[in-house]
Amino acid sequence: MEKEHVLTGLRDAVSEPPQKFIVGAPPKEGLWPQKEGLWGQVISTLDSVAHQLDIDPGIHAILRQPERELTVAVPVQMDDGTIHVFTGYRVQHSSARGPCKGGIRYHPNVDLDEVRALAALMTWKCAVAGIPYGGAKGGIQCEPKLFSRHELCRLTRRFTTAILPILGPRRDIPAPDVNTDAQVMAWVADTASMFQSESTMAIVTGKPIPLGGSQGRRQATGRGVALTTRELLHRLDKSLSSTTVAIQGYGNVGSAAATILHEMGCRIVSVSDISGGLIRPAGLDIPSINEHVAAHPQHLLEGYAAQDVAQISNEELLTCDVDVLIPAALENQIHADNAEQIQARVIVEAANGPTTSQADEILHARGITVVPDILANAGGVVVSYFEWVQDLQSFFWEEDEVNRNLERIMVQSFERIWSLSRTQGVSMRRAAYMYAVNEVASAIHTRGIFP
Amino acid sequence: MTQTQTQTTVQSQTRTAVQTPSTDDAAAHMIRKALSSCAYKMGSKEISHIAIKLRRGDSTACSYFMYSIAGQVAEALGAQDDNVQAVYLFEHDATPQDGCFADSSGPAQLLHLIVHVSCQTAALNALIATLDRALVQAVARALDGPPQQSLLDVHVIDDTEVTSHTGYGALLHSLHNRPIQVWTR
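If you read the protein sequences in the order shown, they are chains A and C. Heads up, the first sequence is in our numbering, so the first residue is 1 and it goes up one at a time. Heads up, the second sequence is in our numbering, so the first residue is 1 and it goes up one at a time.
If we strip away everything but chain A, and leave its shape as in the complex, we get (with noise of 0.2 Å):
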């Protein structure tokens, strides 16, 4: 029965009886408890994973419970002079293989359960992407656009201060998340440098550039996603130059995706964002189209003419007859109603989440090579630990060499889990969810259980 469900990843539900569960007592498998939410999702393919790795039992049982979760009330005097407590956490799944990671959301729905769901993906996430980190993540449940400037910045300072017995560099970095940028993390690493009376920018990664962001983050969710299809191309033996793309979104990994495959050599036939899309057989003219994007005043397609170019609507997109389909708008796009009419031979998961668990059973059961989002889209958080080391190093780096180094950890992973997937005759999302478990399981047996 477990077997059966390896392949369906994460969002798929293991059917197993409601058991009591004592928490410490070695699992055996058929045992576990049935849990709920987001947080049971995640368990349910963390459970699957470790029995057909046969991940020792104890070591499976630590992976199922996070290992910290902080939940603050964050008292906040707004501007007109009342006081009203919020609700904030900061969730440590696994720190086995280094720091914990994972941004933090502000959200009138956030709450414990996504939290943790959240921090778990983090670990899998940079665990396959073969960066030194563990994973977390954090938020607060908050309307953050009915606060004032000056009440968003009491509010991050506050919930900073509750939480940072748990932050700090050799710690837990956190990033800008939901409704959280750039000035948010601004103000946690000031906080931070204000109660330790020193400078602690590597407190937080997602900064301005003045402060120690890192260059080349804008584009490089975007510039993995393109690495990534160009080395899937590459095993599959298809030259870039005869290779046609879709990209559907084409805001900031969309584009930069697009412009990075067209400059590689490949054939954008076919782009999309909520206006509608454009294609052309022959190939479109990405650096044209990037052009028309950046003068329209909503940054959108919207308008864009040029010869052979015709109208496609964004579901036509996605049924398009493409060698290669990038998602890269919104979650469960392609879904279990469209997923037969997919023409493309292989699926790179830019957007988080694009494909059901329903659709990817059925791509999966057609041979349509699928590299999931937490492979395809894990370049933002690469670039994220770059800041990091920067910042440790105080030490900057030119734009060449952030692109460097994220090309070749990218190229590394992508093969790992290439060559796992082929071995172990899964699929890719399967394979990175195996690697990912394996190497956060290896990492806590090789450290041993203290004390």
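Hints are supplied without guarantee of correctness; some may be wrong.
[Stated by the list, open to error] Examples of chain C residues lying across from chain A (beta carbon under 10 Å, computed):
#1 Lys-41
#2 Tyr-67
#3 Ala-70
#4 Leu-89
#5 Asp-93
#6 Asp-98
#7 His-112
#8 Asp-144
#9 Pro-146
#10 Ser-150
#11 Val-162
#12 Thr-166
#13 Leu-171
#14 Ser-174
#15 His-176
[Claimed, not checked] Below 16 Å or equal to it, Euclidean Cα-Cα: the simulated EDC-like pairs (lysine to aspartate or glutamate) are:
#16 Lys-238(A) with Asp-323(A)
#17 Lys-45(C) with Asp-79(A)
#18 Lys-145(A) with Glu-91(C)
#19 Lys-33(C) with Glu-46(C)
#20 Lys-33(C) with Glu-75(C)
#21 Lys-145(A) with Asp-79(A)
#22 Lys-145(A) with Asp-58(C)
#23 Lys-145(A) with Asp-181(A)
[Claimed, not checked] Every beta carbon over 12 Å from chain C, so not counted as near; a handful from chain A, in silico:
#24 Ile-62
#25 Gln-77
#26 Thr-82
#27 Gly-98
#28 Glu-198
#29 Ser-241
#30 Met-264
#31 Gly-265
#32 Gly-283
#33 Gln-298
#34 Gly-303
#35 Gln-311
#36 Asp-323
#37 Glu-407
#38 Gln-424
#39 Phe-450
Quick caveat, the hints were computed from the structure, so don't treat them as lab data. The structure displayed is predicted, hence computed values, not measured ones. From the three backbone atoms N, C-alpha and C, an ideal C-beta is built for every residue, glycine too.
With chain A's structure known, arrange chain C on it following the hints.
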């Protein structure tokens, strides 16, 4: 009253609202209120300073401005169409951890809204289109700039899409970047 009759009544009520000459006034009022809200949150006493920031594409000012418009648009849709159950604001962003590194879109970003309705109607679509046109003109006047093609990117979804996790209904169950509810009945 049959469902068809109910729908017709709602449509005619909505059409009346759409055809009311005050749509432009309502849009202008929304923009004034959004400017004031933005100025308050930015700690500025001068609306004119905020207009300058918006014209320059200051990302903080733009996000406050657009959020205020989103709330008011949601409230207007809910008030004028009984089918509207809830309105959500979402980021059209592949990876939230990359959002803040993107180029600022300036004062005329698109407002990405999901409108959850009990029943899809042509009248609601007409109302949205009318409101969008009026808002585009009102923003252009307030910021003394050329009118944009559009301000609203609205996706109307029903219960089926929400429960089956399809279309934009799937986004309400998102793990990575869940839409924010800005209005509910």
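So, going through the hints one by one against the coordinates:
Taking 10 Å as the C-beta cut-off, the interface hint given for Lys-41(C) holds, the closest approach to chain A being about 4 Å. Checking Tyr-67(C) against chain A: minimum C-beta separation of about 4 Å stays under 10 Å; hint holds. Below 10 Å, beta-carbon pairs count as interface contacts, and Ala-70(C) has one with chain A at about 9 Å; its hint therefore holds. Hint status for Leu-89(C) relative to chain A: holds, with the closest Cβ pair at about 8 Å, below 10 Å.
Given the 10 Å rule on beta carbons, the hint for Asp-93(C) holds: about 6 Å separates it from the nearest Cβ of chain A. With 10 Å as the threshold, the beta carbon of Asp-98(C) comes within range of chain A, its nearest partner Cβ sitting at about 5 Å, so the hint holds. The interface hint given for His-112(C) is met, as the beta carbon of that residue sits about 7 Å from the closest beta carbon of chain A, less than 10 Å. Interface hint at Asp-144(C): violated, since its Cβ lies 14 Å from the closest Cβ of chain A, which is beyond the 10 Å cut-off.
A least Cβ separation of about 8 Å between Pro-146(C) and chain A falls short of the 10 Å threshold, and the interface hint therefore holds. At a threshold of 10 Å, the smallest CB-CB gap from Ser-150(C) to chain A is about 8 Å, leaving the interface hint in force. Residue-level restraint check for Val-162(C) is violated (minimum Cβ-Cβ distance to chain A is 12 Å; threshold 10 Å). Interface restraint check for Thr-166(C): the shortest CB-CB distance to chain A comes to about 6 Å, inside 10 Å, so the restraint holds.
Because the closest C-beta pair between Leu-171(C) and chain A is about 6 Å apart, less than 10 Å, the hint holds. A cut of 10 Å between beta carbons decides the hint on Ser-174(C): the least distance to chain A is about 5 Å, and the hint holds. For His-176(C), the shortest C-beta to C-beta distance to chain A is roughly 4 Å, which falls under 10 Å, so the interface hint holds. Of the supplied pair hints, the one linking Lys-238(A) and Asp-323(A) holds, its CA atoms being roughly 10 Å apart against a limit of 16 Å.
As the CA atoms of Lys-45(C) and Asp-79(A) are separated by approximately 14 Å, the hinted pair is consistent with the 16 Å bound. With a CA separation close to 13 Å, the supplied pair Lys-145(A) and Glu-91(C) stays within the 16 Å bound. Distance hint between Lys-33(C) and Glu-46(C) is fulfilled; the C-alpha atoms sit about 13 Å from each other, no more than 16 Å. For the proposed pair Lys-33(C) and Glu-75(C), the alpha carbon gap of about 13 Å is at most 16 Å, so the pair holds.
For the suggested pair Lys-145(A) and Asp-79(A), the alpha carbons sit about 14 Å apart, so the restraint of at most 16 Å is met. For the suggested pair Lys-145(A) and Asp-58(C), the alpha carbons sit about 15 Å apart, so the restraint of at most 16 Å is met. For the hint pairing Lys-145(A) with Asp-181(A), the CA-to-CA distance comes to about 13 Å; that is within 16 Å, so the pair holds. No beta-carbon of chain C is positioned within 12 Å of the beta-carbon of Ile-62(A); the least distance is around 23 Å.
Its beta-carbon lying about 15 Å from the closest one in chain C, Gln-77(A) satisfies the requirement of being farther than 12 Å from that chain. At the 12 Å boundary, the C-beta of Thr-82(A) stays outside the reach of chain C, the nearest C-beta of that chain being 15 Å off. Taking the minimum C-beta to C-beta distance to chain C, about 19 Å, the non-interface status of Gly-98(A) holds against the 12 Å cut. No beta-carbon of chain C comes within 12 Å of the beta-carbon of Glu-198(A); the shortest separation is about 26 Å.
The claim that Ser-241(A) is not at the interface with chain C holds, since no C-beta of that chain comes within 12 Å of its own (minimum 27 Å). The claim that Met-264(A) lies off the interface holds: its Cβ sits roughly 20 Å from the closest Cβ of chain C, which is beyond the 12 Å cut-off. In this structure Gly-265(A) is separated from chain C by more than 12 Å, as the shortest Cβ-Cβ distance comes to about 24 Å. At the 12 Å boundary, the C-beta of Gly-283(A) stays outside the reach of chain C, the nearest C-beta of that chain being 23 Å off.
Its closest Cβ contact with chain C, about 5 Å, brings Gln-298(A) to no more than 12 Å, contrary to its assignment away from the interface. The claim that Gly-303(A) is not at the interface with chain C is violated, since a C-beta of that chain comes within 12 Å of its own (minimum 8 Å). Residue placement check: Gln-311(A) keeps its beta carbon more than 12 Å from all beta carbons of chain C (closest about 15 Å). Against chain C, the non-interface label of Asp-323(A) holds: every CB pair exceeds 12 Å, the least being about 21 Å.
Every beta carbon of chain C lies more than 12 Å from that of Glu-407(A), the smallest distance being close to 18 Å; the non-interface claim holds. Under the 12 Å C-beta cut-off, the non-interface status given to Gln-424(A) relative to chain C holds; the minimum distance is some 26 Å. Look at Phe-450(A): its CB is around 32 Å from the nearest CB on chain C, clear of 12 Å, so calling it non-interface holds up.
In terms of the numbered hints stated before, the structure departs from hints 8, 11, 33 and 34, listed from lowest to highest.
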